[in-house]
Amino acid sequence: MKKINAIYFIISICIVLIFCNTYFVFNYINHTAIELEEIQKISESSKYGSDLLSSIKDAETGQKGYLITQDTTYLKPFFAAKSNIITRKQLYLNQVKTFAFINKQFLSQLEKAITIKINELNTIIILVENQETTKAINIVKTNKGLMSMEYIRFLIRDANKLMAQQVKLLKGQLAQQQANIKFFMFIFNVLIVSTFIILILRLKNRDQKIANLLKNVIKQKDDLNLMANNLQDQNDILLKYTHILSHDLRSPIQNFDSLLSLYELENEEEEKKTVFMMIKNQSENLKSKMHQLIEELKKLHQKTTTQDSYHLDKIIESVIQQLQTEILHTKAKIILDLNKDIIFNGSGTFIESIMQNLISNALKYRDRSREPLIQIKTTLNKEKNKIEIIVADNGLGIDLKKHQAHLFEIYKTFHHHKDSKGVGLHLVKKIVTNLKGEISVESEVNVGTKFTINLPVDQKNNLAS
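Numbered by full-length UniProt numbering, the letters in the sequence shown go through residues 1 to 465 in order.
The hints are simulated quantities; they were obtained by calculation from the structure and are not laboratory data. One should not assume that every hint holds.
With a cut-off of at most 25 Å between alpha-carbon atoms, the simulated PhoX-like pairs for lysine-lysine come out as follows [what the hints assert, rightly or not]:
id : residue 1 : residue 2
1  : Lys135    : Lys57
2  : Lys141    : Lys97
3  : Lys377    : Lys340
4  : Lys168    : Lys314
5  : Lys64     : Lys171
6  : Lys57     : Lys47
7  : Lys401    : Lys364
8  : Lys331    : Lys377
9  : Lys141    : Lys41
10 : Lys41     : Lys64
11 : Lys314    : Lys450
12 : Lys47     : Lys135
13 : Lys331    : Lys314
14 : Lys168    : Lys64
15 : Lys382    : Lys314
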C-alpha cells in the first residue's frame, strides 16, 4: 500500500512539473510579445520626434526665404510645414505621454516651446506682409527663434536618449528572460526525467522491467519535446497572422482616409453619394477580411483540422475591390484571365495577402510615364494538382542582376518610395513557402515585372508546417 501511495505521489509530482513547465513557456511567450510591442512603440515615437523637428526646420526655411526675398512662393512650403508641425506634434505627444519613464513636465515644456516657435514664425511672416521688414529682421537678430529651436531640439534629443536607454533595458530584460526560461526548462526536464527514473526503480527491481520503464521515460520526454515544438509552431503561425494584420490592413485603412478626405471635398450630392458607396464597400470588405481572420484564428486555437474551400477567382476579385481606390487614383488597367473552376482548399487569408501585396506593389512602383497595366492569370495543372498564379505589370522593374540574392529579404527595398517598408515581398515569400509552394520572378528595368507562383491545390497539413 505504501508503494502504491509512493507511486501516486511521484506521478503527482510529474504532473505538477509538466504544468509548471507549460506555464513558464506560455508566460515567457506573453512577456516577450508585450516587450517587443513596447520596443516597437518606443522606436516609432523616436521617429515621430525626428519628423517633428524636420517639419519645424522646413517651416523655418520657408519663413527665412520669404523674409529675405519677400517672394510669396516661400509661403507655400511654410504653411505646409506649419500644418505638419501641428499634426506631428499631437502624434508625438500622444505617444510619449504613455511612457512612464518620460517626465510629464517634458510634455508641457515641449508644447510651450513649439507654441513660442510657431508664434515667432507667424509674427515675422505678418510683419513682412505688412511691409515692416525692419521689425522682422530685428526680431530675428534677438535670436529668440534660434534659442527656442535649440530648446526644442534639446528636449526631443533628451527624450530620444531616454527612449534609447529604455529600449536597451527592455532588450536586456528579453535576453535575461530567455536565459531564465532555458534554465528553468532544463531544470524541469531534469526533474521530470529523474522523477520517472525513481518511479521505474520503485515499481520493479528486475533489469528487464527497468529497461521497459526507461523506454516509457524516453517516450514521455519525446512527448514533452513534441509539446514544446507544437507550442513553437502555434506561436510561429500567430506571428504570421500578426504580420498579415499589421501589413495588409494598412492599405484598406489608408483607402478609408483618402475616401473620407475626398467626401469632405466634394460639393455635388451625386459625387458624394458615389464616394459614400465606395466607403461603404471598403467597410464591407474590411469587415469581411476581419471576420475571415477571426474565424481562422478560432480554428487554429481549437486545433480544427477541417479546411475551408475558396474559389480562387473570387479571392482575387475581392482583393481588387479592396484596392479599388488606389486603382482609380493611379488610373491603372487590370486585365484578368482567371480560371473560375479553381477551388483552393486552405487559408483564404494567406492567398488574399499574397495577391494584395503583389498588386499593391505593382501600383506603388508603376512607371508614371505610361498607363499602369496589371495582368493576372490563373491556371490549374490537374496532373500535378497545382495552381499557377501569374501577376505581371509594366512598372519600373527590378535590376535582378543587382538584387536577385536579396529579393525576398525583409526590409530590403529596390526603389525610392515614401511608403516602401521592405516587408511585402518577404511576407509573400514566407506565405508561399509555408504553403509548400514556389515563387519565381522575371523583371527588366523600365519594362516591368512578372511573378509566377505555384501552389498545391490541397493545403492539408501545410498550415502548421
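Between Lys314 and Lys450, does the CA-CA distance stay at or below 25 Å?
-> Answer holds: Lys314 to Lys450 is near 21 Å, not above 25 Å.
Do the alpha carbons of Lys401 and Lys364 lie within 25 Å of each other, as the hint requires?
-> Roughly 22 Å between the alpha carbons, so the hint for Lys401 and Lys364 holds.
Distance restraint between Lys141 and Lys41, which requires alpha-carbon spacing of 25 Å or less | violated, 40 Å
Pair hint outcome, Lys64 versus Lys171 [Cα-Cα no greater than 25 Å] | violated, 43 Å
Holds or violated: Lys168 with Lys314, Cα cutoff 25 Å?
-> Outside the cut-off at roughly 47 Å; violated.
Holds or violated: are the alpha carbons of Lys331 and Lys314 at most 25 Å from each other?
-> It holds: about 22 Å lies between the C-alpha atoms, which stays within 25 Å.
For the pair we were handed, Lys57 and Lys47, check the Cα-Cα distance against 25 Å.
-> Holds: Lys57 and Lys47 sit about 15 Å apart, inside 25 Å.
Regarding the pair Lys382 and Lys314, is the alpha-carbon distance no greater than 25 Å?
-> At roughly 20 Å apart (the allowed maximum being 25 Å), Lys314 and Lys382 satisfy the hint.
Quickly compare the C-alpha distance for Lys377 and Lys340 to 25 Å and report which way the hint goes.
-> The hint holds at about 11 Å.
Under the criterion that the straight-line Cα-Cα distance not exceed 25 Å, is the pair Lys168, Lys64 satisfied?
-> Outside the cut-off at roughly 40 Å; violated.
Is the Cα-Cα distance between Lys135 and Lys57 25 Å or less?
-> holds, 22 Å
Are the Cα positions of Lys141 and Lys97 separated by 25 Å at most?
-> violated, 35 Å
Of the numbered hints given earlier, the model fails hints 2, 4, 5, 9, 10, 12 and 14; all others are met.
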